[in-house]
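These protein sequence lines map, in sequence, to chains A and B.
Quick note on the numbering used here: the first sequence kicks off at -5 and runs consecutively.
Quick note on the numbering used here: the second sequence kicks off at 154 and runs consecutively.
Read the hints as simulated data drawn from the structure, not as lab findings.
These numbers come from a predicted model, not from an experiment.
To spell it out: a stretch of chain B is covered by chain A in this simulated footprint if at least three of its residues, at any positions, have a beta carbon under 8 angstroms from a beta carbon of chain A; those stretches are:
| # | segment |
| --- | --- |
| 1 | 199 to 208 |
| 2 | 241 to 253 |
Only pairs whose alpha carbons sit at most 20 angstroms apart, straight line, appear in this in silico PhoX-like list of lysine-lysine:
| # | chain 1 | residue 1 | chain 2 | residue 2 |
| --- | --- | --- | --- | --- |
| 3 | A | Lys48 | A | Lys62 |
| 4 | B | Lys210 | B | Lys231 |
| 5 | A | Lys50 | A | Lys62 |
| 6 | A | Lys32 | A | Lys105 |
| 7 | B | Lys195 | A | Lys32 |
| 8 | A | Lys(-1) | B | Lys195 |
Quick reminder that beta carbons are idealized off the backbone N, C-alpha and C, glycines included.
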Amino acid sequence: DQQVKQNSPSLSVQEGRISILNCDYTNSMFDYFLWYKKYPAEGPTFLISISSIKDKNEDGRFTVFLNKSAKHLSLHIVPSQPGDSAVYFCAASMEYGNKLVFGAGTILRVKS
Amino acid sequence: EPEVTQTPSHQVTQMGQEVILRCVPISNHLYFYWYRQILGQKVEFLVSFYNNEISEKSEIFDDQFSVERPDGSNFTLKIRSTKLEDSAMYFCASSEERQGVAFFGQGTRLTVV
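Put together the whole structure using the sequences plus the hints.
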């Protein structure tokens, strides 16, 4: 099941710089997208979401951009902090569905 | 801040045994879910539950699995006869709306030996 793809297994960024995490999807029925952060031995923690009627949503240091025509979304973290080091998952759901479909995750390392 | 709580945090069981994983969803949430993550793999949807019945389930959720909301606060996942390949982290989640944000518990690590 490759409906949601995160093609970068890992990303390393210097503290204070921007982190950009990418996600692609193939199913055009997806209309709600979320980013979760996960530390080892913990459950996913919700970060930010975006509906398909928008192309940008911002919450503090986190901004999610959605490009529906390219079926692509990205999460920007500015400025990056060492505490942001975690695995980031992109997830998507359909209007009449109940489930989230997750990407494989991207490990973000923020170096101080 | 309200949170989803899961017990136990780690369960070791022998192959063929039954296990019950327990969850207390956030109190005003109406939709409940189980997901799992096998080591090194994606987080996978198992089942969603609303209004005391299953609303959607994945191919993984076969007859060995069942869910129940035995009272107003608990939500359980039962695996009748565990297999080695059931070893995974199992996450419970809940949401206020059907397509709302799902909040996850900290997970139960199930190890089948």
